[in-house]
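Student: For reference, the chains in residue letters:
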Amino acid sequence: MIRKFLNLFRNGVYFDQYLFISITLLSLMGLVFLFSASQGNIETTIKQSFFVLFGLILMFAVSQPDPDFYKNNSLLFFLISVLLVVITLLTGKEINGAKRWLDLGFFTLQTSEIIKITLPVFLASYLFDKSLPISFKNTIVSLILIFFIVNLVRIQPDLGTSLVILIAGLYILFLAGLSWRFIGVSAGLFTLSLPYIWNNFLEPFQKQRILTLFDPNSDPYGSGWNITQSKIAIGSGGFTGKGYQQGSQAHLDFLPETETDFIFSVIAEEFGFFGVCVLLGIFFFILLRCLYLALNARDRFCRLTIGGLSLLFLSTVFINLSMVVGIIPVVGMPLPFISKGGSSLLSFYIAFGIIISMATHKKLMRR
Amino acid sequence: MIDLQERFSERKNFFNRLVLVYILFGILFGFVIYNTYSLQVSSFSDYEIAALKNKSREILVQPKRGIIYDRNGKILVNNEPSYNLIFKPSQVTNLDELINEINIFIPLNEKDISLINKNFKKAASLNRELTLKQNLSQEEISKFEVRRHKYENVFIAERFSRKNVYPDLFSHSIGYVGILEGDALEQKLSNQSIKPKETIFNYSSGFIEGKTGIESIYDDNLRGKFGKRIYEVDASGKLLNLLNEIPPVNGDDIKTSLDIESQKAAYEAIQSRRGAIVAVDLSSGAIVTYLSSPSFSTNQMANGLSNEEFQALITNENKPFFDRAVQGRYSPASTIKPAIGLFGLENKIIDWDYTIDDPGFFVLPEDNRIYRGWKKGGHGNINLNDAIIESSNTFFFSLAYQSDIDNLRDHLFKFGFGRNICADCFLPDTGLLPSPEWKMNTHNFGWFKGDTVNMGVGQGYLSATPIQLAYYAAMLANKGKVNKFSFVQDFYGSEKDIFNLENVDEVDWNKLHSSMIGVIDNPKGTAGRLRALKDYKIAAKSGTVELVSTDTKEDYKIIRETEGNRDHAIIIAFGPMPNPKYAVSVVIENGESGGSVAGPVAIAVMNALIEND
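So the protein lines, in turn, are chains A and B. Sequential numbering from 4 applies to the first sequence in the working numbering. Sequential numbering from 821 applies to the second sequence in the working numbering.
Among the hints, erroneous ones may be present.
[Stated by the list, open to error] Here's a subset of chain B near chain A, in silico, CB distances under 10 Å, partners left out:
id	residue
1	838
2	864
3	1023
4	1334
[Stated by the list, open to error] Residues of chain A placed beyond 12 Å of chain B at every Cβ, according to the derived structure:
id	residue
5	47
6	97
7	154
8	178
9	237
10	331
[To be verified] When the alpha-carbon atoms are kept at most 25 Å apart in a straight line, the in silico DSS-like pairs for lysine-lysine are as follows:
id	chain 1	residue 1	chain 2	residue 2
11	A	140	B	832
12	A	74	B	832
13	B	1377	B	1354
14	A	365	A	140
15	B	832	A	133
16	B	1058	B	873
17	A	365	B	832
18	B	1234	B	1301
If you are wondering where the hints come from, they were derived from the structure by calculation, not from laboratory data. Ideal Cβ placement from N, Cα and C applies to all residues, glycine included.
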């Protein structure tokens, strides 16, 4: 048993020091930020540090198996995660009118966070050997799959995550070689169907959030409150910030959801534009490293997976940031590695574990 | 399986697409960073202010109004502290329940409860406080203290109410304060460049202002300046700590020229009859006594009156709110005679030796209309001195008949008729000094000689307020110069009004004074009954205002059955002679006899003033 475990490391450990160091750094910074954002709540911070530690170990562990292991088992993982989502919908724990969590006793699992990872991996394994450009049949199959999952998550309801799943799926499809003609036609159709989507698929509060975006001052104490206060927090941080734990917006409760969605506002308020640049610098470093790894991956499956997952990460960061600075409507979206969270935090350690696995397991290429 | 060629093109395709997405996101991120930059760097100061505004709340602190003193430094109006049971309507959801619970151990009165119910919503929306009960007793305070844990939103605090020490004596002169709200509130506060907002009140009634009298005229001086406290607050509006404080500046105290003793004497002498009394210090024009009767309690007005009480006051047929002293118009009647006499001297129509024969009436040559005197048979051969002492109408009819109305009008104007002669009176009326133009415009009739004749005895269109009569008396007493009247001399003390008479010299003035002394002291004087009431000399002229004109005493007996038809009693006086210090005017509506009804009131006031000097 022990020998079998050690055999895993016979070829050494699979490890990307750039990603590992930058993610660890980001996680540690996240803990520092969270301590302030939670009003100095030591309990929250300790709990989060356990998640971070566990997440880093998980990332390391996930990066050890050969990409083939993920390729061969992707269907299994995918089915398990779909099952979990369905179970959540049926028996999940309801918080604030949303059924997103599965109570495992020691941990409440947000199942959509798992399917966020397994769907792109599965799609990559489905599409990696299809010839270019992707045939219409394969495109439709993939799209049906994507929309099925997106809808499962949307009805929880979890607009933010379903959006991320949608774009993650579409990235894979796009990177795998979706025909430009198909893209053009569907983009046209999508534009035409926007009014229909507005009227039939969006909850009133979601519509309100979108409307608020265009004129946050129309209702500064109602649905515009979050955006208004977030902008004040960020803006009042100035270039150098108000100092650690000195943010009045965050510490006097003007800013909502400081530990999760709006933690960036806290950082911007307390560390200013300078702090924002440092933080974004680390994010960009991670993203550029991912780009490099994707371009140098050993095969198409690895490429697609790295590309898809890194874009998933990129999109999450983008949605969170543009939400808090008021470019897009408020959707529940954490800032990866920084926001407080269980499932959402761990999902990105898993995603990067998979990315590292894909990037570090080399195969001799025939020339 | 895809071949090598295809794999190569696939890799290139992937490369292109991934880089394309990255570039796309690069642009999007550029936009995010640009936005962050513009928030944090370009618009920093705006957001810094917004954050500061968020976390700080400015609360006004109400200043205390200045204290009002009498001329001897005795307090007339003060701020009286009391311990009140107070709550914040914005924090109370079930008002009835709260009232019922508190009522069990601190009995609240109906009036307060109805006031609370009336103001609850408004106070809640403005985050103001409401008073459950004022003037808690020691027992009530301790009863509440043991239960205070049950009532988070109710507290006991010291609040002031505006209290007039003599509420019924100075109803009209000092006036009262009332609640300030709405546009008027915004207006008043904007003078201090502040807006109505949450306020720590010193007064139970909240924002107050002087509504009438000195409280209104000197509101700006008395009010003081609001202070500010700036608190750090959290999003729920909870006050965390005091960041900055600008203490309020209490209002200026005001020293008036009012005199308590003479005011008391006036109040007692008039006995709630309808009328007015004004007395002034001749050296300064300072109003020392000022009473309009009947009066009302200013404290009730300032600190809450039930609807019934208020209705009773405004429907009272004696009109207690009506300030007769500056707004009541009365014909000067015979009190005008000294002024007419002076006009005769000034215009050389008569001199002191000039006499006429008084048969008891005057016949207007133009139309043979008869103007009667008060004494049947008349006063016989009579000169100016006797005409004043005995109040001969015929003498003055005849003198007025020889007068030019425009000149006469100018003459009376200088004595204060037809104009405001008070610097700080509340809503003074100018009375009516008629002119031919005025008559044409309002009555569409030309001026008759008869109108001038009537004016000669102070009847007809001519009317004056009691304060104007006092001014006229002061002008006579001071021989043509008087300071503009005022309650507060710190502001208006020096403005002098000088009436230069070219043909009237010191001797004439002294003769006039002695004629007026004769009104009381001469055996033939019309106010002889006053002789016994004083032990110094007083110059006076009484008058009796005919409201219904009658030809015989029998006719008058019939019309006097209705109180409102009875003549007004009126007197002007100054003394002690020969160096007068005070002038006084008294009007008693339907009092019938100037000499014997208004006279004693004037003497009582004069006595009080002179005794207390």
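Student: CA of residue 1058 of chain B to CA of residue 873 of chain B, is that 25 Å or under?
Tutor: 14 Å, holds
Student: Against chain B, does residue 237 of chain A keep a CB gap of more than 12 Å to every residue?
Tutor: 5 Å, violated
Student: Is it true that the CA of residue 74 of chain A sits at most 25 Å from the CA of residue 832 of chain B?
Tutor: 22 Å, holds
Student: Using Cβ atoms only, decide whether residue 1023 of chain B comes closer than 10 Å to chain A, and label the hint accordingly.
Tutor: Residue 1023 of chain B check fails; min Cβ-Cβ to chain A is 31 Å, beyond 10 Å.
Student: Holds or violated: are the alpha carbons of residue 832 of chain B and residue 133 of chain A at most 25 Å from each other?
Tutor: Distance of about 16 Å is within 25 Å: holds.
Student: Check the non-interface label on residue 97 of chain A: least C-beta distance to chain B beyond 12 Å or not.
Tutor: 27 Å, holds
Student: Beyond 12 Å from chain B, beta-carbon-wise, is residue 47 of chain A?
Tutor: Check passes; 19 Å lies beyond 12 Å.
Student: Restraint: residue 1334 of chain B near chain A, CB-CB cut 10 Å. Satisfied or not?
Tutor: 82 Å, violated
Student: Is residue 1234 of chain B close enough to residue 1301 of chain B, meaning Cα to Cα at most 25 Å?
Tutor: 10 Å, holds
Student: Run the C-beta distances from residue 178 of chain A to all of chain B and say if the shortest one exceeds 12 Å.
Tutor: 5 Å, violated
Student: Quick one, is the residue 864 of chain B hint okay against chain A at 10 Å, beta carbons?
Tutor: Status holds, d = 5 Å.
Student: Are residue 140 of chain A and residue 832 of chain B close enough, with their CA atoms no more than 25 Å apart?
Tutor: Roughly 24 Å between the alpha carbons, so the hint for residue 140 of chain A and residue 832 of chain B holds.
Going down the numbered hints, you'll see the structure goes against 3, 4, 8, 9, 10, 13, 14, while the others check out.
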